[in-house]
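A.B. asks: Sequence:
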Amino acid sequence: MKKGKPTLIILLAIIFIAILSVLPLSRWTGGKLKDFSLISDILKEASLISESTGSGEEQIDPELLKAMEEEEKAQHNPLTASDSVLALPVDTIIQAVKAPREGDLVILEDYTTSQTGLIHLKDAITNGRLARIAVVGDSYIEGDIFTQDLREKLQEAYGGEGVGYVSMHTDFPGFRRSVKQGGKGWKTHMANKKADRQYLGLMEQYATPSGTATSTYEGTKSLPHTGSWSRSRFMFISPENSIISVKTGEGEWSERNITASDSVQCIEIEGPTTRFDIKTSAPKLIGLGVWLDGQKGVSLDCMSSRGFSGITLSRINVELCRQMGRVIGYNLIILEFGINAMSSSQKDYSVYSDRMVGVINHVRQCYPRADILLMGVGDRGEKRGGQVRSMATAPAMINAQRDAARRAHCLFWDTREAMGGEDAVVEWSNAGLINKDYIHMTHKGGARLADALFKALQQSLK
1 MKKGKPTLII LLAIIFIAIL SVLPLSRWTG GKLKDFSLIS DILKEASLIS ESTGSGEEQI
61 DPELLKAMEE EEKAQHNPLT ASDSVLALPV DTIIQAVKAP REGDLVILED YTTSQTGLIH
121 LKDAITNGRL ARIAVVGDSY IEGDIFTQDL REKLQEAYGG EGVGYVSMHT DFPGFRRSVK
181 QGGKGWKTHM ANKKADRQYL GLMEQYATPS GTATSTYEGT KSLPHTGSWS RSRFMFISPE
241 NSIISVKTGE GEWSERNITA SDSVQCIEIE GPTTRFDIKT SAPKLIGLGV WLDGQKGVSL
301 DCMSSRGFSG ITLSRINVEL CRQMGRVIGY NLIILEFGIN AMSSSQKDYS VYSDRMVGVI
361 NHVRQCYPRA DILLMGVGDR GEKRGGQVRS MATAPAMINA QRDAARRAHC LFWDTREAMG
421 GEDAVVEWSN AGLINKDYIH MTHKGGARLA DALFKALQQS LK
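Residue numbers (my numbering): 1 to 462.
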């Protein structure tokens with residue numbers, strides 16, 4: 001073989017695959033062949049790789065580090081130290097509690113004032129209203145991992161359709177399986193990057209157009225209830241008069257003239273569809289998000305923010321949340337955080353516990369008609385003596401989270417215990433349930449954990 005031919009063959013193969021990636025094979029063949037995207041697959045792999053701990057460094061939320069520094073200064077100030085509830089390590093505030101069980105099932109711990117449990121969620125389900133759940137968390141649930149299976153199980157049991165909340169833009173369009181998201185021209189503003197607080201809701205992000213901005217959302221067949229939905233909504237704030245174009249399915253664009261207002265507005269389109277599109281060039285528009293669901297059953301929103309510890313939720317805007325709540329209200333808010341607040345050396349998480357008490361109370365102020373469930377951190381691995389074991393400080397973190405739930409009078413679920421407790425990460429890794437960073441779950445692992453929480457929720461709904 002002549003020199004240079006292997007390179008030419010590889011180059012031609014790449015060009016051929018790239019051409020196939022943009023061809024509408026599914027439409028041309030009546031669904032016999034599936035569309036695929038080389039670029040999306042590469043981006044998906046990049047997302048998975050970026051989740052691994054190739055550098056071995058532990059990332060602690062900078063917002064939490066700042067809070068810890070502020071508390072340390074206060075502790076050394078004789079004028080404030082005596083008033084601090086954080087003067088004692090968290091493990092002296094409350095003794096370690098063994099997660100309650102019913103057989104093999106780890107059940108919810110009810111620290112509500114009157115032992116009311118899931119009173120708001122149960123009321124919505126019992127009376128046939130749309131029961132809406134928000135799962136707010138970090139990269140543990142990124143890409144709808146875990147939440148897509150929890151949603152599916154709830155919708156299978158109680159009815160419902162669609163994936164609920166989806167952001168205006170994603171940098172990894174091929175990573176999430178439950179919805180096919182595309183578009184361009186949006187600038188995303190996050191709670192940890194000097195975003196304008198007046199526009200921060202429960203999802204902790206919003207987006208503004210850069211030129212002409214578009215968003216597309218398509219159903220998928222990855223799960224039984226993700227293929228279509230019957231209500232498409234786009235929530236936004238438009239400080240100036242603007243034009244927003246929307247369409248569903250293969251229909252025509254509908255141009256909406258929006259009157260300037262500092263309050264939340266919503267475009268809603270009723271009717272079964274498998275696709276929703278948005279287009280706007282309004283430079284001042286604040287895109288809060290899209291909700292794809294129905295009128296009954298259960299709708300579950302996945303709101304994930306990579307690198308967050310949860311403490312920035314104390315800054316979300318109460319008035320904004322209440323305005324949004326008139327359109328999209330919640331019966332249950334699940335808080336999933338902790339992995340970005342842990343390190344292998346820290347045993348005292350009292351500052352974090354105290355901040356999470358404030359977070360829970362603030363979220364309750366934003367959504368007073370919602371039950372609140374705090375999930376304990378999942379099992380996380382570290383190498384000790386050449387072997388992977390559970391991170392030694394994980395029990396201290398769970399103790400701190402349970403204490404936060406107790407002091408804030410909300411529900412708590414011991415995620416780590418539901419995974420199997422001490423060294424569960426080893427079993428999960430061997431079974432392909434957790435990635436090689438020994439932190440983040442695979443889709444298979446997310447499905448297993450979702451089954452455990454679903455059963456715990458059902459037990460509490462009896």
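Some clues are possibly wrong.
Claimed, not checked - With a Cα cut of at most 30 Å, we get these calculated DSS-like pairs of lysine-lysine:
id	residue 1	residue 2
1	LYS279	LYS184
2	LYS153	LYS462
3	LYS73	LYS153
Unchecked claim - Ranges between beta-carbon positions, derived for each pair:
id	residue 1	residue 2	range
4	ASP123	HIS362	18 to 26 Å
5	ASP123	VAL318	20 to 28 Å
6	LEU461	ASP196	14 to 22 Å
7	SER114	GLU422	53 to 61 Å
8	GLU255	GLY329	47 to 55 Å
9	GLY421	THR113	42 to 50 Å
Because the hints were derived from the structure by calculation, they are not lab data.
Just so it is clear, CB atoms sit at the ideal spot from N, CA and C, and this is done for glycine as well.
A.B. asks: Evaluate each hint against the coordinates.
C.D. replies: Status of each hint after checking the structure:
Between LYS279 and LYS184, the direct Cα distance comes to roughly 10 Å. Compliance with the 30 Å bound is thereby established for this hinted pair. Restraint check for LYS153 and LYS462: the C-alpha separation of about 16 Å stays at or below 30 Å, so the hint holds. At roughly 47 Å between alpha-carbon atoms, LYS73 and LYS153 are farther apart than 30 Å, so this suggested pair is violated. Separated by about 23 Å at the C-beta atoms, ASP123 and HIS362 satisfy the suggested range of 18 to 26 Å.
Roughly 23 Å separates the CB atoms of ASP123 and VAL318, a value that falls within the hinted 20 to 28 Å. For LEU461 paired with ASP196, a C-beta distance near 38 Å fails the hint of 14 to 22 Å. For SER114 and GLU422, the hinted distance range of 53 to 61 Å is not satisfied, since their beta carbons lie about 34 Å from each other. Range check, GLU255 to GLY329: Cβ separation about 29 Å, and the 47 to 55 Å hint is violated.
The supplied range of 42 to 50 Å is broken by GLY421 and THR113, whose beta-carbon atoms lie about 29 Å from each other.
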